[in-house]
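Both chains are given apart, each in its own frame, so use the hints to dock them into the complex.
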Amino acid sequence: MNGPIRRLATALFLCFTVLLGAVTWIQAVRADTYRSDPRNARVAIAQAGKERGMIVSADGAVLAESVPDEDDPRRFTREYPLGPVFAHTVGYTSPIVGDGGLEAAYVDALRSRRDLTLSDIVAAILGRDLRPRSMRLTLDSRLQQIAYDALGDRAGAVVALDPRTGAVLASVSKPSFEPTLLGGADAAANWDQLLQDPGRPLLDRATRELFPPGSTFKTVVAAAALEAGVAGPDTLFDDPSEFQLPGSTATISNFGGGLCGNGSQVDLMRAFVRSCNTVFADLAIQVGAPDIGFMAEALGFNRDLDFPLPVAESVFPTAELENDDAALGQSGLGERNVRATPLQMAMVAAAVANDGVLMQPYLVDEMFDPDGNTVSRTEPEVLSEAMSPETAETLTEMMERVVTEGTGTAATVPGVRVAGKTGTAEAGQGRSYPWFIGFAPVDDPQIAVAVMFEPLPAEGTSETGGRVAAPVAAELIRGWLETRD
Amino acid sequence: MTRNTEGVLVAVASALAAFGVALVEFAGGESIGAQVGLTFLVFVIAFGGIHVSLRAWAPDATPLLLPPVALLAAIGFLEVYRLSPYRAGLQRWWLLLAAAVTCAVLAFLSRAGLSLLRRYRNTMLLVAVGLLLLPNLPSSGPLPIRGLTQGGSRLWVVFDLGFTELHFQPAEIAKVLFVAFLAAYLADRQAALTGAHRKLGPIRIPEPRQLVPLIAVWAGSLLILVYQRDLGASLLLFLTFAALLYAATGAAGYLVAGGLLAAGGGLAAWRLFDHVQRRVQAWLDPFADYADTGYQVAQGLFALGTGSLSGSGPGLGRPDLIPNAETDFIFAAVGEELGLAGSIAVLCCFALFLAAGFGIALRSRDRFRTLLAAGLTFVIGLQTFLIIGGVLRVLPLTGITLPFMSYGGSALIGNFLLLGLLARASQEERS
Chain Y
0 MNGPIRRLAT ALFLCFTVLL GAVTWIQAVR ADTYRSDPRN ARVAIAQAGK
50 ERGMIVSADG AVLAESVPDE DDPRRFTREY PLGPVFAHTV GYTSPIVGDG
100 GLEAAYVDAL RSRRDLTLSD IVAAILGRDL RPRSMRLTLD SRLQQIAYDA
150 LGDRAGAVVA LDPRTGAVLA SVSKPSFEPT LLGGADAAAN WDQLLQDPGR
200 PLLDRATREL FPPGSTFKTV VAAAALEAGV AGPDTLFDDP SEFQLPGSTA
250 TISNFGGGLC GNGSQVDLMR AFVRSCNTVF ADLAIQVGAP DIGFMAEALG
300 FNRDLDFPLP VAESVFPTAE LENDDAALGQ SGLGERNVRA TPLQMAMVAA
350 AVANDGVLMQ PYLVDEMFDP DGNTVSRTEP EVLSEAMSPE TAETLTEMME
400 RVVTEGTGTA ATVPGVRVAG KTGTAEAGQG RSYPWFIGFA PVDDPQIAVA
450 VMFEPLPAEG TSETGGRVAA PVAAELIRGW LETRD
Chain H
534 MTRNTEGVLV AVASALAAFG VALVEFAGGE SIGAQVGLTF LVFVIAFGGI
584 HVSLRAWAPD ATPLLLPPVA LLAAIGFLEV YRLSPYRAGL QRWWLLLAAA
634 VTCAVLAFLS RAGLSLLRRY RNTMLLVAVG LLLLPNLPSS GPLPIRGLTQ
684 GGSRLWVVFD LGFTELHFQP AEIAKVLFVA FLAAYLADRQ AALTGAHRKL
734 GPIRIPEPRQ LVPLIAVWAG SLLILVYQRD LGASLLLFLT FAALLYAATG
784 AAGYLVAGGL LAAGGGLAAW RLFDHVQRRV QAWLDPFADY ADTGYQVAQG
834 LFALGTGSLS GSGPGLGRPD LIPNAETDFI FAAVGEELGL AGSIAVLCCF
884 ALFLAAGFGI ALRSRDRFRT LLAAGLTFVI GLQTFLIIGG VLRVLPLTGI
934 TLPFMSYGGS ALIGNFLLLG LLARASQEER S
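Chains as they are written, first to last, in this note's numbering: chain Y, 0 to 484; chain H, 534 to 964.
Errors might be hidden in some of the hints.
[What the hints assert, rightly or not] Derived list of chain H stretches under chain Y, where covered just means 3 residues or more per stretch with a C-beta under 8 Å from a C-beta of chain Y: (1) 879-885; (2) 891-903.
[Said to hold, decoys possible] According to the in silico footprint, chain Y covers these stretches of chain H (three or more CB under 8 Å from chain Y): (3) 575-581; (4) 825-839; (5) 924-931.
[As the list claims (entries may be wrong)] Partial selection, computed: residues in chain H whose CB lies under 8 Å from chain Y: (6) 626; (7) 776; (8) 850; (9) 854; (10) 921.
Since the hints were derived computationally from the structure, they do not count as laboratory data. Yeah, the Cβ is synthetic: ideal placement off N, Cα and C, and Gly gets one too.
Okay, chain H solo, but in the shape it has when bound (with noise of 0.2 Å):
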């Protein structure tokens, strides 16, 4: 595929958003009007942008990623314009900053290059850690900005513009500094990791004194969840954590102790927490208590019943009756307007970014890309399974958004950065 190809896909998409949203205005009877003008121009200055930064400073770069990553961009603008115009009209100007974001990252590393990140890495740490912490502030207060509460989950933030109040949810970003800094610190400590281990009968367990990070981050993501009560974020951290430390040592026990830590982890939350308790409640039978605990639940699958095959047509569904439709639940929506067509199509468009994504971290040749990629790759696959698997039951729902897709500024924000690192990791690789 070339770099031309990809530019034909990305107008695809982008002429898709718009055809979509011109059926959301036909099924509601409206004449077809700016919207989806707005929306197409919108959709070719984002990606369209991003097509053209990636010929100037990535040329050789995959062009597998963008492509994947317009479609469910286009499919998710659909649904969320079709449940909130209003939050639509938001999510444009999100999509434009976030692409000016990916574009900022290409144009900023094409001359510094990756091993930059390397050198920052604790900076990038702190960064993350401070804004992990950013929604603990107090939710009133002289400051301009303060935490805020929502649906249970303390993950929020408030910027008090003065003239408007801006939401931001920095976990978004921060898994994507928490990510790029793991990476660089195994990437420097690997011989240490993967040299010093122990025998246990015939189980091979790390050096006791390695595991003090991943007990670290464990005891981290304990008190996110504890304090931010943000089972998704929390989750989301401690296994991708695990996950590159296998990646990087080999050592198949950093996943079982992180398996099993993250087990006792969940169990004790289970144990301790009402609202831990609720989701696994909703998750064994979500219609035992319809009307409060597994209303969202069930009335995703009721969505998703009804969809059906070939789904209602966009604008014709009522996803607008599951809680959190355009973020949590927007693979519902999704589900129920363009039916299991569109629900395995979104499937394999993250499949198809994934496949890219591990492609350019088994090809590189240095550490650091390798587990970057990887690491990037890894966190959004992960991301993907927790809340459609908790939409379609698999796994208890964590509420997280679904990456590309969910209403969402800082969502949009982190992923599109990510999607800039990435691309970046790929161009290096190759060039």
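Only chain Y is shown next, with the shape it has when bound in the complex (with noise of 0.2 Å):
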């Protein structure tokens, strides 16, 4: 009778070894499929109604706070004080959509720990702090209004750093969209409204889209052509009214045709300050793929980028330019499949005034308890010496003829040395990406800028970087410097 029995025992062992291997593959191997099913509102749930940490800007402002609800003081409404503003930075929180922004990169920082997990329990036994923190961005929330205005009703995006730290004081996306919305009632619908809204204003476009970077990626050449000492600011070019690309049948001809100089010979210096294409073209050709791609590389191009919101790739394609001699003088142009962020461009100008070291951007100053007292603050790193001193220190006078005597003099701020550049991306239909990116004041560094525009929807209607970009950097240099005063 045992062996039967025994072998009873085993069957039903083999059962619970079957039963131990499906909880096993639910809750280890499958957890987060289900855990992130739509369908499964628990995740949601638990956050909804919870207190958060307050979010503020370099200067003070409330940007984000939850604020106890009237008739439940343990449930909290989340407030955006500057709503539009600050909505791609510092993001959203939502029952039903989740969160987004800051607010979905810290929210384990900003949530109440007072109620979650076992280790919590033991963390608060052992006396530790599980109330939520708060955190100071380094947006400075004048600046960001600034830029917020200053790009009107256009869809474009605006990035401002201090080159000498890598803060990001100002990063403005438009079209934007009221935080707010995606908390309440109303949330899916006002969800789905946004997501259809052919103006896109869920993306952000100063981090998280790439677009053509026309001739401010001529910046990106000049310094690998500085460096690698191929040629100086004195160097003679060729100046003809159309550069033949070797190799095709193609030519590149300047910005509304014309010669660069005087047509026979120009140099580096004059063709930087004129943006002329020829020049650049023949330029990226002589430096040489390799050359502009490790250029292009310390100063944050093919780098995933350590930063809390999702960033863009930028792309500077050297492996397939490095046999294709036509295909890199147009890249040479910031044009071809050449991409960048406008938070890219920002850290081009950035490294050029902080004497050729890119610092790491970033955005959170430092984290602090409810009683004020920082828990954690970030330390300026650097990201990368891009190039040497002289090769900034030449670059950055040539950028500053940009704006004195060049393609940039809209972004003049009287009283200020500004350094800049253009640039004016072809976008097909003849229209375009107008750019400018810069930095001020030149002798001593303090602000450095990408201004973009999207291309106007209407055929033929190219606009230049130096016309309608560059007098939003001036107006973001002037400001910034005013309340610095």
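The structure is reproduced here in structure tokens:
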């Protein structure tokens, strides 16, 4: 009789082994699938209505705070006093569509941990502070507002950095949206409406979208040329009205046609100041894809940037240009397959401003507890030493002359030495992306900016960066230096 | 392991139940109050009482049975409390009553011995059948006792006590009596059952006459399935019966025949009944008809997945989103709030209990005790496998309770009665 009982027992234990396997499969292997299933309301419910820490700007403006409900002091409503101005950076929190921006990136620090896991309880017993943390951003609410207003009704983006530290002073993308719309009862409908909006208001153009950088990329090519010793500001180039791309029937002409200098020869300084395409196509081919690619990568291209918000990787396709001089010539003008985020181009300007040293950009200055004590603080870090101080100095000189006598005179700020570079990237159908990157003051750089507008929808509405984007940069620089006084 | 260790472990389980209640209170933002002390007190009285009864009336019984039961009851109670403090309050009373049943069984059988059951085997069968038929009483009428259909299954009986109504699931107690009857019957008839068989080619098949009881129980199970729509109880009784026949005779033919009959019955039920078809559909793909038939299984999977490795913590998950979380789906609630760690702990506790139970069966020198211990242990193991397998999508869902853990008075009483009988069987084989 014991034999059959043993076999029955064995069979049952085998069944239990199957259960062990199944429960491990569900709770360990497939856990995330079930947890994040849109029909599973648990995670959203758990977060909804909980208190979160405050988010304040560098100048102390409240950007996000949890306000207790009138009827139930244990539940909170998240409020964003400056709404759309900070929507892409600060983000939103929603029981229905989830979190976005820094609200998502720092959810663990911002939430109250008085109520979640066993480890929290252990931490509480050990006397750790489990109240929600608050955070102070590097963003300045006044500069952010200036940028938001200066972009007007057009789609575009502005990024401003402190070149000495990498602190992001402003990051604006337009069109924007009201983050509280995603927190309330109509969140699902509002979300759908924002998703279907052809202006794509949810998209953060400052960090998440790639654009052709156009002639602002000549800064990178010039830096590579100076660094490699291929050319200096006085190096002379041929000055044809059209540059014949090698191995191709295509030609490169200057913006609006015409010559760069007097028609025989022109130096690099003048070519940069007037943004001559013929010379830079020639120069890019002379420098070569590896050296340009090396400089671009030192400045942040082709790299996964460590940043709290999702950042698209800016692209300089070194490998595919190595044996294709025609494509390299076009790429030297920031066209073809070269792509960059506005944040990336602000980093290029910042590196030049900071004697060639590129600082790691950061958004969160410090975390503090509800008593106002600092819990952690971000220390500026060097991301790369992209170019020698001499190269940076020469580039600064060239960029300053862009503003004083070249394509970027609209960026002039009275009483301030401004350096910059314009860009007008082709968007097809006679349209363009106007760009401007720059920094100021030249002798003591405090702000580096990138301004980019999306093309207007109608055909043949091309505008230059010098006319449209440079004035925005001037406003930012003037506004920032005024707040500093 | 000694009886003293058993006492310590039972005390630890009681403290765990109280600590769990405290965590749930803490998570809900309540101040930690009387519920914690009350829970501790009830667990200490219930399990301490069984522990003392074991010392008094079954001192040689294995100390391995009670601790896993106490821990399972503690984990189950904590989740029931988290889901419904009101029901947890009732559950505390049921726990006291069920423990009293265990103590009474131990005290009563200490003099008469298990052989008493053997003598009254036919009475037990009659009572079991009567209990199984109870839910088929009319739903309304002059009687103070009536049947009740809940969740599509007619397996409830309502006692109208005048001042309040008491809901009762008689199958939970019938299953214990049924196993006891079977053990007695098979112990008596063993010679006849093992002796006669025919050969059909190389296969030994039992004498057709000996298959009569098998077919009778199969038909009875089908009747339960048809009239009460209770897939779980039906399957549980039939498979336990087949397993015990196999244990008593060693003839694998019974298992094969039993398996074929179960499969045939299942197939017929699947073709005939909507509710069986829906359950199979929800098993194959719970997300296909998420809003309706698949909802419960899908919510169970969401709960388990969200709980992940370490769980949300007691009181911090949302097991209340799962329909019937405190009865059929208590395992998913435990998995959500205590994580994979908790799920595995529960499975291990059941495995320990089964190991102890089968140990008693294998060591017993008496046929009746062997079959009784094996049958009681098997029925717990099978019930656990059926319901947890249903929650984990290993099997189609059969609506039965998880022993010692689910909310429900009749289930607790039935399973604690079973615990008392097992302990007594252990006492008798050792002394």
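Evaluation of the provided hints:
{"no.": "1", "hint": "879-885", "in the structure": "holds (count 3)"}
{"no.": "2", "hint": "891-903", "in the structure": "holds (count 5)"}
{"no.": "3", "hint": "575-581", "in the structure": "violated (count 0)"}
{"no.": "4", "hint": "825-839", "in the structure": "holds (count 7)"}
{"no.": "5", "hint": "924-931", "in the structure": "holds (count 3)"}
{"no.": "6", "hint": "626", "in the structure": "violated (30 Å)"}
{"no.": "7", "hint": "776", "in the structure": "holds (5 Å)"}
{"no.": "8", "hint": "850", "in the structure": "holds (7 Å)"}
{"no.": "9", "hint": "854", "in the structure": "holds (7 Å)"}
{"no.": "10", "hint": "921", "in the structure": "holds (5 Å)"}
Violated hints, in rising order: 3 and 6; the structure is consistent with all others.
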